[in-house]
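*Asks:* Following the hints, position chains B and C against chain A.
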Amino acid sequence: MKNVCAGIWILLIICLVCGCSSSGQPVRDETAYQERPQDNENQIVVGFSQVGSESDWRNANSESFRSVFTEENGYYLVFEDAQQKQENQLKAVRDFILQEVDYIVLDPIVETGWDSVLVEAKDAGIPVIIVDRQVKVEDDDLYTCWVGSDFRREGRLAGKWLEKYLESQGRGKDRIRMVTLQGTPGSSPQIGRTKGFASVMKRHKNWEMLEYQSGDFTQAKGQEVMEHFLKTYDGIDVVVSENDNMTFGAVEAIEEAGLTCGPDGDMIVLSFDAVRAALQAMEAGKINADFECNPLLGSMVSDIIHRLERKETVDKIQYVDEQYFDSDMDLSAIMDGRAY
Amino acid sequence: MSKIKKITGQPLFLPIFCMLLVMAVNIFYDLGSGRFAFNFFTVSIRNGVLYGRLIDILNRGSEIAILAIGMTLVVSASAGTDISVGSVMSLTASLCCMLLAGYGVASTNTLAVPLIVGVLAGILLACVCGAFNGFLVAYLNVQPMVATLILFSAARAIGLLLCNNLIVYVRNDAFKFFGGYLGFIPTPIVIAAICIAVVSLVLKRTALGMYIQSVGINKDASRIAGLNSEKIIFLCYIVCGLMAGIAGIVASSRISSADSNNIGLNYELDAILAVALGGNSLGGGKFNLAGSIIGAYTIQAITTTLFALGVSSDQAPVYKAIIVIIIVAIQAPPFNAWVKRLSAKKALAKGGA
Amino acid sequence: MKNKKISSNTILLFITIALFVVMYAAGCIVYSAKGFSHLQTFLNILINNAGLLCVACGMTCVMLTGGIDISVGSLIAMDCMLLSVGMERWHMNAIALCVLVLVIGIVFGLVQGFCIGYLEIQPFIVTMAGMFFGRGMTAVICTDQVSISSNKLFVALANMKIPLPFGAYTSRRGIVQVPYIRISVVIALVVLVVIFLMLRYTKFGRNLYAVGGNETSATMMGLNVKKTKLKAYVLSSFLCSIGGICYCLNTMSGSVQQAKGLEMNAISSAVIGGTLLTGGVGNVIGSFFGVLINGTISTLVKTNGKLLSSWSNIAVAALLCFFIVLQSIFAKIKNSKN
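Residue numbers (the working numbering), protein chains in the order written: chain A, 807 to 1146; chain B, 50 to 402; chain C, 2 to 339.
Derived by calculation from the structure, the hints in this document are not laboratory data.
Backbone N, C-alpha and C fix where the C-beta goes; we use that ideal spot for every residue, glycine too.
A portion of the hints provided could be inaccurate.
Below, simulated SDA-like cross-link-like pairs (lysine to any residue); rule was C-alpha separation at most 25 Å, straight line [said to hold, decoys possible]:
1) C:Lys307 with C:Ile30
2) A:Lys1122 with A:Val851
3) C:Lys338 with B:Ser263
4) C:Lys307 with A:Lys1122
5) C:Lys333 with B:Ser263
What the simulated footprint calls covered on chain A by chain B, stretch by stretch (three residues with Cβ under 8 Å from a Cβ of chain B suffice, anywhere in the stretch; the number is not a length) [stated by the list, open to error]:
6) 874–880
7) 1020–1031
If we strip away everything but chain A, and leave its shape as in the complex, we get (with noise of 0.2 Å):
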C-alpha cells in the first residue's frame, strides 16, 4: 500500500514538472514580452488575426505589416496566425478584446459570421479595422473600415486587356476558348475575380469559357487540373489563374504537354497577385499579364490608426493603388523598385 501512496506523490511530481514545462513553451519567448513597456502610455498595440501562410502574396501581406508595426514606429503587434480556420480567428478577436489592444486589424477567412465577435469588440471600445477581404454583417458599423483590393476591378481589368490584346492580334472577331483556375470556392478574391472577368466576357459572344474548376490557390491542385484541362480540351487560347501559385502550376502542366504559353506560345496566360517569381515568369516569357494585388496594406493601416488616433474620420472603404503588368514593360526595372 505503501508502494502505491509513493507512486502516487511521484506521479504528481512528474505531472507538476510536465505542467511547467509544457507550459515553458509559450514562457520561453518571455523576455521579448517583459521588454514591452506596459505602461507607456504612448506605444499603440494592434492585435493582427492573419488568415495563414498558404500563399507568397499572404507572406508578403504579413511582412507588410511587420515591417511596419515595429516599435520604433511607436506600435507593439500582436500577430496572430489563425492557420486558415475561421474558429481560430474568433478565438484571436477574442483574446485581443482580453488583453485590452488599442486597434484590433482583422484579415477575415471567410467573409461571414463575425457579428457577435464585433458586438463584443465594439462593447469593449476596440476599433477593428478590417483588411483584405470583406465582411458581411447586419450593421457596417461594427467596423471602423476596410482596406483591400478591389477584386471586382481586378477581373474587369483582365477581361479588357485581354480585349484590347485580341484586338491588337487581330483576333477580335475569332472564336476564344478560354479555361479558368478558379481560387478556393467562396472566398473574396475567387468570386471577385471571377464575376469581374465574367462581365467583360459578356460583351464577347465570340469568347468561349470552357470550364470552371477550382484549383485552392495553389500549386499542385493548379497543376493538376490544367493537365486535365489540356487532355479533355483541344486549342485552349486563353488560361485565367485567379492566383500566381496556381499559374506557376499550369505553366508546368502546359510545358510538359508539349505546348508553350506566354507571349510567343501556343496559349495566352492571365494570372492575378504578381509577386516576384511571378514577374521573373513573365520575363521568362511564359505569362501574358498580371494583375496586381497589392499585399502592402500595412502602410496604409498605419496612416489610418494615426488619422483615428488624432480623432479625425476615416472613409469607410478604401481601396489600394494596383496596377498591371505585361510582357511589353521593362519588367527588371519594375522588379527592382517592389519590396516583394
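*Replies:* Chains B and C alone, transformed into the frame defined by chain A:
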C-alpha cells in the same frame, strides 16, 4: 458457377475489378462525349516525354503507392493505421527544402548544401519519425492510431517552424529531377517502381513477410514461437516512415517548394483507403502488397476520372465515400455469410424443384 | 483501506485536472498584465470550444466501446451548411431546421453504427467514409460561404449574452466589462452533465463500458453487443449534431472548409482526459478537462502574441505523448500485478 467463385475468390479480384470498373466508366464517358473510345488509354510521346491520362494516373498516384507500401506493412503487423504519414511527408519536404535553401530564405535558385545532403537528411528525419511511432506502438503497446496522432498534429507544425512559416521555393533543376523526368518517363513512376521492387524482393527473399503476417495474426503466439514481435513491428514503422520520406521528397520536388500546409494533406486517408481497397483486412495479419498498390492507383484513377467527368473537387468525396462503403461492405464477413445463406436457399429451392 | 479504491484511472484523471490547474495558474501569473487572469478568459475558452465539448462527449462514448468516430468534423460542416442554407436560401424556421439537423445526425449515426455493429467493418474505415461523405455533401448543398443574418430567432440566440453576477472589472478604457457566457456554453454544459449521469447511472452507460472492456465476456453476459455499438454511434452523431448547432451559433456561417481537423482535437481531448482507445476506460469529466487543456494551450500561445501558432499544435502533441506514455506505464504495472 464454380468458375465465377474461383475468380471472385482470388485475393486480387477486388482491386482489379475496381480498376476495370473505373476504366469502363471512362470508355463509356469518352464514347458518350463523341470521342475515340480509348481516348483514356492513348499514350503518346509529346515533347520527348510520355503523355496521356494513363501516364498521369501512374505519375500522380506514385506518392500514394509509395505510402501504401509502408502502410500495408504497418497495418499487417500492428493491426492499426499510421495516420501520421501525410504530416511526415510535409516535415520531410520542409527540412529538405530548408537545408537546400538555408534557414529563413524564401526562394533560391542555388543550393546551399549538396542536393544529396538535403534529401538524405529529410529521409533520415522521416525514418526517425517512423522509429518514434514504432517505439510507442511496439514497446509501449500504445494503440497505433493514438501513437501516430502525436506526429499527425506535431510534424506539420514542426515543418512550419523549420521553414519559418514561409513557403520555401527551391527553383533548381537538380532538385526538380525527383518530380520531373528520367529520360522520357516521369521520375515518380520510376521511384515508385524501385520502392515496390525492393520491398517485394526483400519480402520474397527473406522470411520477413511471413514474420510480419504471423506477428499480425497473433503477437503473443509469435513471441512464443521465437519471433521478436516488438522488433518486427518497430521495423515496419521505420519502413513506413522511410516511405513517407520518399513520398515527401517527390511531392515537394514536383512543386519545387516546401508548402508545409498543403503537402501530403489527407494522403494518410488515401493510403489507408488503398490498403483497404487492396483487399487487406485492417485488423492485421495476412497482407497483399500487390493489392495495396493496385488500390493506390485505383484511387488516383477515381480522382482523375472524376475530374474528367467534370465533378467539382469539393463534391468528389461523396462518390469516394460511397465507393468505399460498398467495397468494404462486400468484404465484410457478415455480408458474405448472408450471401452464402441466400445462395444456399436458392440451391435448396432448385433441389426441391 | 480507502487507498485501494484509487485505481490507475482515477490517478490519470487527477493528473489531467492538476495539469489544467497548474497551466492555468501559470498563465494567470505570467500574463496577468495581458488580461489572462480575468474570469472571461476561462469563459472564452468555454465559448470557443462549446461545439468541441459536445463532440468530445460523443467521442468518449464511442471510444469506450473501443471504436472511433472521425466523421465528426465533416458532420459539423454539413450541419452548419444546412443550417445556413436552410435559413438564408430556403427561409425555413430555425427550430424546424435544428430538429432536422438532429434527425440527420441520428440517421448518419444509424448508418455508421449499422456498418460497424452489424456488418463488423472497422470503425476507422466506416467513419472515414462518413467523413468523406459529410465533407462532400457540404459542397453538394452549397459551395459558397453562406452567412446567417436574416433569421431573427437564430441571430438573437447567437448574440445573446448571459451575464454572470460576479467577476466584473473595469477595462483601461473605463468600460465596465461584465463576464458573460453564450447560449452554446449552456447547451454544452447540459450535454456534459447528461452524458456524465448517463454513463454512471443507466444500464446503457454500463453496457458501453462492458462492451469496450471485453467484447466476448460482454456477449457471454447476455449483452447485445451489436445493438450497444449501434447506439453508441447514433449517440455520437447526435451529440455531434448538437455540437454542430453550437458551432454554428459561434461562427454563424457555413462553408466547406469548416471544422476541418476537429475530429483530431476531439480525440486528443478524450485521450488527454484518460480515455483509452482500446475501450472500457474513460470518463466525460476527463474529456471536459482535455478540452479545457487544449483551449488553455492555444490561449497561452495567442496571449504571448509573438509565437508562431504552430507552437500550440506542438504543445498539444507533446502533452498527448506524455499522457500516452503514462497510460502505457500504468497498463504495464497492471499487467505485471496480474
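*Asks:* Each hint needs a verdict: does it hold in this structure or not?
*Replies:* Okay, the hints, checked on the actual structure:
| no. | hint | result |
| --- | --- | --- |
| 1 | C:Lys307 with C:Ile30 | holds (18 Å) |
| 2 | A:Lys1122 with A:Val851 | holds (22 Å) |
| 3 | C:Lys338 with B:Ser263 | violated (28 Å) |
| 4 | C:Lys307 with A:Lys1122 | violated (30 Å) |
| 5 | C:Lys333 with B:Ser263 | holds (24 Å) |
| 6 | 874–880 | violated (count 0) |
| 7 | 1020–1031 | holds (count 9) |
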